[in-house]
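Chemist: Read off the chains here:
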Amino acid sequence: MTATEQTLTSAVSPSGASPLTAQQLSRASRVGIASAAVLIGLGINAVLGEVRWGWVVAIAAPTFVLLTYVASRLVEGQRRAVDRVAAATATMAFLVVMLPLISVLCTVISEGASRLDGTFLTGDLRLTPEDLMAQREGVAAGGAYHAIVGTLIITGLAAAIAVPLGLFTAIYLVEYGKGRLARAITTMVDVMTGIPSIVAGLFAYALFILIFGPGSRTGIAGGVALSVLMTPVVVRSAEEMLKLVPNELREASYALGVPKWRTIVKVVLPTAIAGILTGVTLAIARVIGETAPLLIAAGVAQSSNYNPFDGRMTSLPVFTYYQYVQPGIPTDAGVARAWAAALVLVIIVAVLFTVARVLAWILKPAGLR
Amino acid sequence: MDTETSGAPLMMTQRTANRGETEMIEPQAIPDAGPTGASNRLEVSDLSIYYGDFRAVEGVSMEIEARSITALIGPSGCGKSTFLRSLNRMHEVIDGARVEGSVRLAGQDLYGPGVDPVEVRRRVGMVFQRPNPFPTMSIYDNVVAGLRLNSKRMRRSETDVAVERSLRGANLWEEVKDRLDKPGSGLSGGQQQRLCIARATAVEPDVLLMDEPCSALDPISTLAIEQLMLKLKQDYTIVIVTHNMQQAARVSDRTGFFNIEGTGKPGRLIEIDDTTKMFSTPAEQATQDYVTGRFG
Numbered sequence: 001m002t003a004t005e006q007t008l009t010s011a012v013s014p015s016g017a018s019p020l021t022a023q024q025l026s027r028a029s030r031v032g033i034a035s036a037a038v039l040i041g042l043g044i045n046a047v048l049g050e051v052r053w054g055w056v057v058a059i060a061a062p063t064f065v066l067l068t069y070v071a072s073r074l075v076e077g078q079r080r081a082v083d084r085v086a087a088a089t090a091t092m093a094f095l096v097v098m099l100p101l102i103s104v105l106c107t108v109i110s111e112g113a114s115r116l117d118g119t120f121l122t123g124d125l126r127l128t129p130e131d132l133m134a135q136r137e138g139v140a141a142g143g144a145y146h147a148i149v150g151t152l153i154i155t156g157l158a159a160a161i162a163v164p165l166g167l168f169t170a171i172y173l174v175e176y177g178k179g180r181l182a183r184a185i186t187t188m189v190d191v192m193t194g195i196p197s198i199v200a201g202l203f204a205y206a207l208f209i210l211i212f213g214p215g216s217r218t219g220i221a222g223g224v225a226l227s228v229l230m231t232p233v234v235v236r237s238a239e240e241m242l243k244l245v246p247n248e249l250r251e252a253s254y255a256l257g258v259p260k261w262r263t264i265v266k267v268v269l270p271t272a273i274a275g276i277l278t279g280v281t282l283a284i285a286r287v288i289g290e291t292a293p294l295l296i297a298a299g300v301a302q303s304s305n306y307n308p309f310d311g312r313m314t315s316l317p318v319f320t321y322y323q324y325v326q327p328g329i330p331t332d333a334g335v336a337r338a339w340a341a342a343l344v345l346v347i348i349v350a351v352l353f354t355v356a357r358v359l360a361w362i363l364k365p366a367g368l369r
Numbered sequence: 001m002d003t004e005t006s007g008a009p010l011m012m013t014q015r016t017a018n019r020g021e022t023e024m025i026e027p028q029a030i031p032d033a034g035p036t037g038a039s040n041r042l043e044v045s046d047l048s049i050y051y052g053d054f055r056a057v058e059g060v061s062m063e064i065e066a067r068s069i070t071a072l073i074g075p076s077g078c079g080k081s082t083f084l085r086s087l088n089r090m091h092e093v094i095d096g097a098r099v100e101g102s103v104r105l106a107g108q109d110l111y112g113p114g115v116d117p118v119e120v121r122r123r124v125g126m127v128f129q130r131p132n133p134f135p136t137m138s139i140y141d142n143v144v145a146g147l148r149l150n151s152k153r154m155r156r157s158e159t160d161v162a163v164e165r166s167l168r169g170a171n172l173w174e175e176v177k178d179r180l181d182k183p184g185s186g187l188s189g190g191q192q193q194r195l196c197i198a199r200a201t202a203v204e205p206d207v208l209l210m211d212e213p214c215s216a217l218d219p220i221s222t223l224a225i226e227q228l229m230l231k232l233k234q235d236y237t238i239v240i241v242t243h244n245m246q247q248a249a250r251v252s253d254r255t256g257f258f259n260i261e262g263t264g265k266p267g268r269l270i271e272i273d274d275t276t277k278m279f280s281t282p283a284e285q286a287t288q289d290y291v292t293g294r295f296g
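In the order they appear, the protein sequences are chains H and Y. In terms of the numbering used here, the first sequence is numbered consecutively and its last residue is 369. In terms of the numbering used here, the second sequence is numbered consecutively and its last residue is 296.
Do not take every clue at face value.
Stated by the list, open to error - Below 27 angstroms or equal to it, Euclidean Cα-Cα: the simulated DSSO-like pairs (lysine-lysine) are:
#1 H:266 / H:364
#2 Y:177 / H:364
#3 H:243 / H:260
#4 H:178 / H:260
#5 Y:231 / Y:265
#6 H:243 / H:364
#7 Y:277 / Y:233
#8 H:364 / Y:233
#9 Y:233 / Y:177
#10 H:243 / H:266
#11 Y:277 / H:266
#12 Y:231 / H:266
To be verified - If you want a taste of the chain Y side facing chain H, the calculated C-beta under 8 angstroms gives, among others:
#13 95
#14 122
#15 128
#16 203
Honestly, the hints are just simulated from the structure, not real lab data. Even glycine gets a Cβ: it sits at the ideal position worked out from N, Cα and C.
In isolation and in its complexed conformation, chain Y is listed as follows (with noise of 0.2 angstroms):
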């Protein structure tokens, strides 16, 4: 994928904004670079999720750097996996979720009027919790399946080439390629999930989101795919999502802790900053009885 198409206006047409009548979208005029641009910070602000009447998040104002990797912790049931997929409106999915407030990915608000949530997800891909490769397709297909979905007419020679990046990308490559062709299933829960962070990367996102990717893995596999995102990091703005909280000690850059009062009420961002320092010296006492593993 070249710059041009990465960096296309997520805008299916140009209208006038509802919200600020001043305020005209006019995506040409905002500079993007493509994945390797360093534009690619995402501005969430005052940002509410809501499935039907109830409100699962609660204004959530974070700006997530460029190619850095933003690690979400908290208890569970807090918000954040439905905070993450809100990013590339994947919470969708579910009937009823809305959400007021904005994101805003390299100055695009992914919520405007005329955005399509299937551009969306070119530009934000995800990696979920359990590894979910296609079980109909080979390796090599699970790859290049969402350059070959989103009916791209690619020469083989072309995937051949997008394959081999990927799963290098992925430190996969050497360990599946003398057989591409075999079903993707086959492989361990590690490696499936790596099978599954080269699929999402060949598409070649400017973001990728990543949901407890470790939780069902064992310890060797978690460090395999650790060192793979803090190389992924050069190229890819991540945000992961973790119960693990040393996981995101040894990775991330920026730690956020969401909370919630009680069931029934809705999560929250109760503060985000630099991982050291959240580890260490966070502002609030929540936090800190959190990671000190006080509670939850």
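Isolated chain H (complex conformation) (with noise of 0.2 angstroms):
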């Protein structure tokens, strides 16, 4: 009986049919398979010397990939063999992914969470001598008051620049935009994306000068340089989610008669909305983290200083950032305000995001729920 034919029989025959069924790794041998790689590794690193834990990863998750390869390919086929080197792979590859994330968090967490007291969120730098006597004594003290309400004025500065400005710089690209104009704006906009934040801090100093004076740094300044690194993210992230608008809404505004101008105001701006929302967080939170160009542009300060038009203003980056260069006597206490700050600087993006999310739920079509 030739191939034809079997299939032919087995297609009229069910008894001759070939089985819908496969054989299968079993739970239990594809755990085998797990310890086996982790043993290997232990093994290689013992012989080798002294063991290392991150040498015995390397070693085993490779060796876990091949085995996996091997033994399915043995018992489950070449199809089903792929598959599963394809799943460990991508598994492994997240766990990279979120270690760098969850290290993070765990170490800010608990070196910071120490120095997370009243005096932290309430006092400033300007510390008396009895302040740094009682700190030689491994009292708490000094805090970051300053720079919390510092990091909240340019970063709302900027928001407040960049915003709009990506905003509109997107609404002309999607809905009025052609030519090479459009182009030569997206061109642009791509350019600024790339911009290093050092660059962006200079230019933002240099254009205070020519309004303040020589050696002027202040809160705006700051607010400009962040607003330059925010507005190209927030004109990319607007201009995709503007164009998930479907076109069809659009049509349909403009066959009731009504002008282009209000479309975009009440039909696409208002389905975009969360997504345009997501979108200005994630800028956002690019750029409340920047340290070099408000170095430049805001310079340091000891105290609360809420205008952004006169004086130096102190952002938690900044401070983090002298309380680990500059920490003074003891050291520790230094240290420790600057895991602090780095964790409300945490916090505050976490709250930012959480904010963020909750709105865009709100905001979001209900139909698009």
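Combine the two chains into a complex, taking the hints into account.
Modeler: Here you go:
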């Protein structure tokens, strides 16, 4: 019987049909393969000398993939084997990416939580001689209230400049722009994305020297520096979100005799608002941790300054940097303040994301929830 | 909307027309009785539609009677949708689109100098192939979207009346009256399409264009829309593009057949006549072949 005849008969009589079930690697055998991979990793390490966990993982991971492939190839066949290798590789890649995030979070929380106290949240760095004495005794002193305020003011200013600018640019590019000008703007936005942050700081510093005179460092200069970094991110994300709005909705609106600008304001923007908000939040998160441009444009201050147009203003990243570089005596006090400031920054970003998520959900069209 | 506003001239500024030295556009002189009047007929003469250099439709002339249903049939890509969209200047959404010839609504040239396309679209509404209710809006807001977005200040009591009238007109009121504040996108496809028709009729246009309004719907919903069209014909001039010849035969008073010689060639109107004649004894052989299913 030839192969063709076989398929023909199998189509007719179920008795001769090739089975729809196939052998599978059992859960136990997969656990066994994983254990074997770890043991091999440990064994090689032990043979070569001291056991280092990094090396154990580095050997065990590819061994696991290899063993899985071989076992699956023998039991389940080629297609299943490739599937298992792809799944294992993807899972490992995910773990590798998660590692730094979890590590950073754990370190910042464990190191920073100890100094996240009332003094830290309400005080500044104008330490009295009594404070300095107390600090030598190991009593917590000094705070980052001025840096928290500075971060909020500078980032707020940056957002106030960059969000309208970026949103209007995106609206122009998606709804109106065509031809050479639109292409030029797109290219410039791309170039802007690549500006090193310190160059943005130098630009803002130079710009505000022309306005406030030589040597001036102000909150607004910091805000402008950050807005230079933030604008292209806002443009890009808003552009993508506006492009996602189906053309049918615009046409439906035009067909009702609604002018273009009203269509944009009342139909296009509300449909895209949730995504735009998420994009803006990401842009803020991108700049809120900037250090270098603020070091140049806004400078360092030891106490609160609520006026962004006069005098230096510290932000949390700059505070962190200085507490680490110039921790004072004893150094532990300064380093602890640096960790606490980093923790506050992480918390601010987390709160921002949560608020944006909630807002996006509320504003999201009821039909798309 | 009262007759005075709906009968307002399409002209933003009154000036001498380019074509013909002697022709002066005098909108005030043109009688217009609004949506209930009988003068809302469309006259298309020698209309060619271009996308850039490409001529999509060539030399179409037809008269569309007020308060009747005109169906446009023809194979895919023959320019019937393009032609339909040119009747309320929707094709201009695409860059480089332009027309030659004229389209007159109640005597006024839609392509005359100084004519505002936005104003044209307020008089000539459109229903699209795929139901497209605004996802951000409730059923209620969808219906009054045209009125609200045209920045009319309306009291709640007035919009309530408009919503009920439009939804009843679209045979949708009984199905949605208890959930007017729910999103329009939660309705079924057929209901969404009727919602879109209600939205289009809420602004009380003179003409209603429908671009394959049933092609995304099941037979039951299609039947509902067809019944609705026959009802709407009492008040509106309706032009419908359809791929479904039975539908054209069922609902339309007159049928126009579009055809195309080949790819890259412009579409043409082969003939337009009473629907019964078009489906029994058309003048052209191509029409005969198409309606009997020999091609297309």
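Chemist: With reference to the structure, classify each hint as holding or not holding.
Modeler: Results for each hint:
no. : hint          : verdict
1   : H:266 / H:364 : holds (14 angstroms)
2   : Y:177 / H:364 : holds (24 angstroms)
3   : H:243 / H:260 : holds (16 angstroms)
4   : H:178 / H:260 : holds (16 angstroms)
5   : Y:231 / Y:265 : violated (38 angstroms)
6   : H:243 / H:364 : holds (16 angstroms)
7   : Y:277 / Y:233 : holds (20 angstroms)
8   : H:364 / Y:233 : violated (38 angstroms)
9   : Y:233 / Y:177 : holds (24 angstroms)
10  : H:243 / H:266 : holds (16 angstroms)
11  : Y:277 / H:266 : violated (46 angstroms)
12  : Y:231 / H:266 : violated (31 angstroms)
13  : 95            : holds (6 angstroms)
14  : 122           : holds (3 angstroms)
15  : 128           : holds (6 angstroms)
16  : 203           : holds (6 angstroms)
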